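Peer 1: Residue numbers (numbering that gives the first Met the number 0), protein chains in the order written: chain A, 0 to 534; chain B, 0 to 476.
Simulated from the structure, these hints should not be mistaken for lab results. All values derive from a computational prediction rather than experimental measurement. A couple of the hints might just be wrong.
List of simulated lysine-lysine pairs, DSS-like, C-alpha gap at most 30 Å [unchecked claim]: (1) 234/A - 336/B; (2) 400/B - 354/B; (3) 219/B - 336/B; (4) 112/B - 227/B; (5) 128/B - 97/A; (6) 112/B - 234/A; (7) 112/B - 128/B; (8) 52/B - 128/B; (9) 298/A - 276/A.
Here are some of the chain A residues that sit facing chain B, going by a computed Cβ distance under 10 Å [to be verified]: (10) 66; (11) 85; (12) 98; (13) 100; (14) 201; (15) 208; (16) 355; (17) 393; (18) 406; (19) 408; (20) 410; (21) 431; (22) 432; (23) 433.
Quick reminder that beta carbons are idealized off the backbone N, C-alpha and C, glycines included.
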Amino acid sequence: MDLLKQTAGGVGLLLADRKISSVELTADILKMTEERDEVLGCLITVDKANAMKQAQAADDLLADVGTGSLLTGVPMVVKDNISTAGIRTTCGSRMLEKYIPPYSASVYSRLQKIGAVMTGKSNLDEFAMGSTCETSALRLTRNPWDHKRVPGGSSGGSAAAVAGGLAWYALGSDTGGSIRQPAGYCGLTGLKPTYGAVSRYGLIAYASSLDQIGPMAQDAADCALVFSAAAGPDKRDSTCVQDVSGSLRAGLDKLNRDVEIVLSGGSVDKISLKGLKIAVPAVWREHALQPEIADVLEKTIKKLETAGAICSECDLPLLDESIPAYYLIASAEASGNLSRYDGVQYGSRTQAADVSDLADFYSRTRAEYLGPEVKRRIMLGTFALSSGYYDAWYLKAQRVRRLIKDYYQSLLADYDYILGPITPATAPEIGTSLEDPLTMYLSDIYTVAANLTGLPALALPCGFDKNNLPIGLQLTGRAYQDADLLRTGMAWQRETDYHLRVQQIRQLGPAEGNTNLFAGGGNEKIHQSLTGVAL
Amino acid sequence: MTYETVIGLEVHVELSTASKIFCGCPVTYGQEPNTKCCPVCTGLPGALPVLNKNVVEYALRTCLAVNCEISRITRFDRKNYFYPDLPKAYQISQLYQPIGRNGWLDIEVNGTKRRVRIHELHMEEDAGKLMHDPWEDQTLVDYNRCGVPLLEIVSEPDLRSAEEALTYLEQLRGILQFIGVSDCRMEEGSLRADVNVSVRPAGSNEFGTRTEMKNMNSFKAIGRAIEKESLRQIELLNEGGRVIQETRRWDENKDASFPMRSKEDAHDYRYFPDPDLTAVHVSEDWIDQVRRELPELPADRRKRYIGELGLSDYEAQIVTGHPVISGLFEDVYDLTKLAKDTASWIMGEYLQLLKDKNCGPENLSLSAEDLAAVVSMTAEGKVNRVTARKVLAAVIEDGVKPQTYIEQHGLAMVSDASLLEDTVRRVLAENPQSIEDYKNGKKKAAGFLVGQAMRALGGKADPQLLGSIINRQLSEA
Numbered sequence: 000m001d002l003l004k005q006t007a008g009g010v011g012l013l014l015a016d017r018k019i020s021s022v023e024l025t026a027d028i029l030k031m032t033e034e035r036d037e038v039l040g041c042l043i044t045v046d047k048a049n050a051m052k053q054a055q056a057a058d059d060l061l062a063d064v065g066t067g068s069l070l071t072g073v074p075m076v077v078k079d080n081i082s083t084a085g086i087r088t089t090c091g092s093r094m095l096e097k098y099i100p101p102y103s104a105s106v107y108s109r110l111q112k113i114g115a116v117m118t119g120k121s122n123l124d125e126f127a128m129g130s131t132c133e134t135s136a137l138r139l140t141r142n143p144w145d146h147k148r149v150p151g152g153s154s155g156g157s158a159a160a161v162a163g164g165l166a167w168y169a170l171g172s173d174t175g176g177s178i179r180q181p182a183g184y185c186g187l188t189g190l191k192p193t194y195g196a197v198s199r200y201g202l203i204a205y206a207s208s209l210d211q212i213g214p215m216a217q218d219a220a221d222c223a224l225v226f227s228a229a230a231g232p233d234k235r236d237s238t239c240v241q242d243v244s245g246s247l248r249a250g251l252d253k254l255n256r257d258v259e260i261v262l263s264g265g266s267v268d269k270i271s272l273k274g275l276k277i278a279v280p281a282v283w284r285e286h287a288l289q290p291e292i293a294d295v296l297e298k299t300i301k302k303l304e305t306a307g308a309i310c311s312e313c314d315l316p317l318l319d320e321s322i323p324a325y326y327l328i329a330s331a332e333a334s335g336n337l338s339r340y341d342g343v344q345y346g347s348r349t350q351a352a353d354v355s356d357l358a359d360f361y362s363r364t365r366a367e368y369l370g371p372e373v374k375r376r377i378m379l380g381t382f383a384l385s386s387g388y389y390d391a392w393y394l395k396a397q398r399v400r401r402l403i404k405d406y407y408q409s410l411l412a413d414y415d416y417i418l419g420p421i422t423p424a425t426a427p428e429i430g431t432s433l434e435d436p437l438t439m440y441l442s443d444i445y446t447v448a449a450n451l452t453g454l455p456a457l458a459l460p461c462g463f464d465k466n467n468l469p470i471g472l473q474l475t476g477r478a479y480q481d482a483d484l485l486r487t488g489m490a491w492q493r494e495t496d497y498h499l500r501v502q503q504i505r506q507l508g509p510a511e512g513n514t515n516l517f518a519g520g521g522n523e524k525i526h527q528s529l530t531g532v533a534l
Numbered sequence: 000m001t002y003e004t005v006i007g008l009e010v011h012v013e014l015s016t017a018s019k020i021f022c023g024c025p026v027t028y029g030q031e032p033n034t035k036c037c038p039v040c041t042g043l044p045g046a047l048p049v050l051n052k053n054v055v056e057y058a059l060r061t062c063l064a065v066n067c068e069i070s071r072i073t074r075f076d077r078k079n080y081f082y083p084d085l086p087k088a089y090q091i092s093q094l095y096q097p098i099g100r101n102g103w104l105d106i107e108v109n110g111t112k113r114r115v116r117i118h119e120l121h122m123e124e125d126a127g128k129l130m131h132d133p134w135e136d137q138t139l140v141d142y143n144r145c146g147v148p149l150l151e152i153v154s155e156p157d158l159r160s161a162e163e164a165l166t167y168l169e170q171l172r173g174i175l176q177f178i179g180v181s182d183c184r185m186e187e188g189s190l191r192a193d194v195n196v197s198v199r200p201a202g203s204n205e206f207g208t209r210t211e212m213k214n215m216n217s218f219k220a221i222g223r224a225i226e227k228e229s230l231r232q233i234e235l236l237n238e239g240g241r242v243i244q245e246t247r248r249w250d251e252n253k254d255a256s257f258p259m260r261s262k263e264d265a266h267d268y269r270y271f272p273d274p275d276l277t278a279v280h281v282s283e284d285w286i287d288q289v290r291r292e293l294p295e296l297p298a299d300r301r302k303r304y305i306g307e308l309g310l311s312d313y314e315a316q317i318v319t320g321h322p323v324i325s326g327l328f329e330d331v332y333d334l335t336k337l338a339k340d341t342a343s344w345i346m347g348e349y350l351q352l353l354k355d356k357n358c359g360p361e362n363l364s365l366s367a368e369d370l371a372a373v374v375s376m377t378a379e380g381k382v383n384r385v386t387a388r389k390v391l392a393a394v395i396e397d398g399v400k401p402q403t404y405i406e407q408h409g410l411a412m413v414s415d416a417s418l419l420e421d422t423v424r425r426v427l428a429e430n431p432q433s434i435e436d437y438k439n440g441k442k443k444a445a446g447f448l449v450g451q452a453m454r455a456l457g458g459k460a461d462p463q464l465l466g467s468i469i470n471r472q473l474s475e476a
């Protein structure tokens with residue numbers, strides 16, 4: 000399908016001009032999903048009826064001139080921890096395998112209003128806890144660039160769906176890098192917005208003070224369109240603040256207009272790297288980076304400078320403390336957030352016949368239906384909050400968080416952006432990460448700061464390793480200046496073509512060009528060996 | 000050895016805000032199960048709490064009424080524990096920065112005044128209700144009560160007897176009702192108390208080991224439980240035993256408490272600040288506004304009634320016992336300016352009516368105007384009190400106006416002197432023997448004649464006027 004080469008905005012333009020219809024497009028993409036997803040494993044649930052109904056509604060909206068947006072009628076997928084009324088929302092867990100929410104997340108309602116078309120719910124690490132999508136109890140997702148590799152996590156299904164040509168954009172969620180890291184592994188652009196820019200209402204919580212919903216797409220312009228539609232205050236989320244100064248909305252409206260001009264072939268001079276002050280923490284070079292990533296980053300800095308940006312080295316204290324602080328806070332909040340899965344109200348419940356009492360009922364239900372990674376974090380968080388340890392662990396972690404926040408704030412008083420890698424290495428092979436959770440946790444070292452500080456961070460493709468796997472860079476910006484950050488991303492993508500490579504991947508069929516397709520056995524066998532759960 | 004009982008109370012009171020503390024569901028009682036709840040109060044995955052500002056306002060009112068210091072920044076924390084009536088498996092409460100601290104309430108028992116210190120006052124959400132069905136051997140959950148706003152008012156261990164504890168509770172209830180934050184219906188569970196009891200040798204400064212009885216919802220049970228528990232502890236100590244720190248369950252039918260769980264299996268609630276809710280900033284302006292709108296508190300009202308209106312301590316106590324009664328007294332007094340008479344009617348006929356009808360003051364429809372009319376008529380001698388009682392009953396039963404009822408039933412007292420003169424003359428003529436007896440010193444005969452004349456007048460004669468006419472005619476006879 001030729002349209003797979005197009006971006007979401009590009010397809011949106013064709014839909015708006017009535018050159019294609021959403022009903023046809025959606026039918027095509029559902030067929031494509033059927034062909035490809037058995038191998039890719041992006042989606043936990045495909046809801047054809049819902050997709051076709053939304054496509055029809057989108058066409059109706061588009062028929063009424065001026066009422067659609069550039070995303071109206073463009074097929075997309077939503078991470079399966081974002082509640083969709085009437086459509087099962089599993090969090091990749093056997094605990095919620097059959098849970099059908101009676102209400103929709105605010106962000107999904109907002110997208111529905113502009114005529115979005117959702118074909119399915121994308122795979123994720125169980126309750127968004129993981130970096131490879133392998134902790135999902137329900138599916139194994141493959142990286143479309145190399146099927147023996149993971150797509151990243153936790154929004155791995157969302158990334159693989161966009162890179163694999165099943166959707167033009169996806170919603171992900173990012174608690175410690177879960178949008179940026181899979182975007183990096185799959186050669187995509189992904190934004191972790193400022194905490195509080197997008198409503199969390201209906202996002203099934205992992206760590207409430209860190210979780211944020213954001214867009215994943217082929218380029219920064221698409222991310223701008225999606226973010227613009229998703230962002231905005233919500234009276235149902237106390238942490239989704241009223242945009243007091245109005246700067247977020249004003250910036251987004253302006254950006255949206257510029258994106259439309261660019262898509263229509265016009266040019267906008269404000270999209271430029273010239274004069275931007277970019278901080279490059281020296282400490283990142285000292286960490287165990289894959290050599291190609293270090294090389295690509297040096298080249299990136301040169302390119303930025305050639306385009307007129309001013310890059311300077313800076314200090315970055317507390318990098319080593321950020322991982323323990325992050326895992327303590329995230330696990331502590333998770334231990335509370337996930338306690339509700341007790342088998343009483345909804346979700347799975349132990350079928351054991353010899354349950355002795357209430358405590359036994361709870362522990363059996365949770366033992367049977369939660370996976371090992373989720374249990375590990377619940378136990379870690381429960382410990383960090385327990386009486387006598389609260390000050391030493393949870394409170395100390397919060398103090399570290401405050402110090403990191405203060406430092407980033409002072410850095411961003413002098414610089415427009417902070418540049419860094421997304422991950423220490425490119426996508427690992429399936430089955431190589433889970434045995435050593437500590438190493439897996441440490442691979443989040445470049446991404447967790449944005450969550451601890453609440454700052455917006457954008458992942459952008461910037462090169463490839465020797466296996467032709469994508470490498471990404473990360474720009475961290477000022478709070479609520481998400482629009483500027485996206486604009487800078489667009490400027491980078493005007494100077495480079497790394498983000499275009501994914502077009503080829505999107506057009507590949509599942510078996511084409513992937514010699515290692517079934518390395519290690521079939522999906523079911525691999526999944527079982529990873530999670531101990533038979534599909 | 001003599002022992003002293005030491006009591007601390009944790010009072011939970013349901014606030015009567017229109018909607019719940021973190022969602023828009025209505026606060027109701029006795030509705031069909033699971034019809035007054037939503038994704039937020041049933042803790043569905045992904046739902047988020049949003050604080051109801053009125054709850055903070057009610058809490059501020061209460062802080063001011065019980066003399067608490069108010070936190071300018073107050074936060075909510077999660078209290079984690081598993082139970083089927085708690086759908087999120089944590090209760091949103093306040094531990095680290097409660098809205099109120101260091102308050103007090105003065106109570107008076109047997110003429111001795113005592114200041115009971117209040118340790119803290121915090122906001123939290125209520126849990127659902129479990130219903131056990133013994134026939135089907137199953138337990139069902141009703142989530143309607145989930146998210147109903149609660150205030151918890153924690154006293155210091157400053158109370159020394161069941162009587163003091165009950166006085167404190169009554170006083171607190173009166174205040175909460177007066178400031179309109181709760182209806183405090185104990186039978187509906189909107190006022191509940193956890194009772195902490197310990198004993199120590201009289202004169203000792205150290206506290207003994209305490210036990211706790213949770214969720215008590217009647218004054219009678221609380222008083223009884225305190226008495227029995229302190230006796231149990233004293234007996235235990237006298238026998239050389241030790242009190243262990245534990246939670247006990249009070250069984251009203253057995254008139255005894257039983258151990259529930261000891262300190263060893265006490266929950267570790269793993270409190271931490273709720274990241275879903277932002278800090279509440281309480282401004283000086285807000286506090287001032289709440290203070291300005293605060294009604295006169297019962298203690299101040301009592302002082303004014305005794306000092307300015309000349310009521311006795313007892314009368315003042317009774318007419319300020321409930322905000323509806325107190326409001327009625329205020330209004331009737333405003334209309335009649337008859338403080339003593341109004342108090343007498345409220346303490347007599349009015350309370351009797353409540354008792355007869357077995358209803359609360361808020362459920363009896365009686366306007367201040369009507370009661371004022373009855374009080375005035377009686378005081379002015381237009382009707383006598385027995386008749387006035389009939390009028391009051393008719394006003395309540397049939398909703399008629401007192402004046403109309405009296406006119407329709409010809410109940411107004413006969414004060415027409417010439418009619419009374421004529422009637423007395425006729426009665427005397429019919430009873431010459433009584434006149435004889437009277438003249439022979441049997442003064443009781445006059446009473447008999449008054450009765451005869453009153454009967455002839457249908458009981459409506461002004462008794463004073465009638466008496467003086469009979470006395471005069473007798474002396475002239």
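Peer 1: Interface hint check: residue 393/A, Cβ to nearest Cβ on chain B, cutoff 10 Å. Holds or violated?
Peer 2: Status holds, d = 6 Å.
Peer 1: Holds or violated: are the alpha carbons of residue 298/A and residue 276/A at most 30 Å from each other?
Peer 2: holds (17 Å)
Peer 1: Starting from residue 128/B, check that the Cα of residue 97/A is at most 30 Å away, please.
Peer 2: holds (26 Å)
Peer 1: Double-check residue 85/A for me: the hint is only fine if its C-beta lies closer than 10 Å to a C-beta in chain B.
Peer 2: violated (14 Å)
Peer 1: What's the verdict on residue 112/B and residue 128/B, does the C-alpha distance respect the 30 Å limit or exceed it?
Peer 2: violated (39 Å)
Peer 1: Would you check the hint for residue 400/B and residue 354/B, treating anything up to 30 Å between C-alpha atoms as holding?
Peer 2: Roughly 23 Å between the alpha carbons, so the hint for residue 400/B and residue 354/B holds.
Peer 1: Residue 406/A was flagged as interface toward chain B. Is the shortest Cβ-Cβ separation under 10 Å?
Peer 2: Status violated, d = 22 Å.
Peer 1: Was the hint right that residue 201/A lines chain B, CB cutoff 10 Å?
Peer 2: holds (4 Å)
Peer 1: Would you mind confirming whether the straight-line C-alpha gap from residue 219/B to residue 336/B stays at or under 30 Å?
Peer 2: violated (37 Å)
Peer 1: Residue 433/A was flagged as interface toward chain B. Is the shortest Cβ-Cβ separation under 10 Å?
Peer 2: violated (25 Å)
Peer 1: Per the CB criterion, is residue 410/A less than 10 Å away from chain B?
Peer 2: violated (25 Å)
Peer 1: Does the CB of residue 100/A sit less than 10 Å away from some CB of chain B?
Peer 2: holds (7 Å)
The structure fails hints 1, 3, 6, 7, 10, 11, 16, 18, 19, 20, 21, 22, 23 (numbered hints given earlier, in ascending order).
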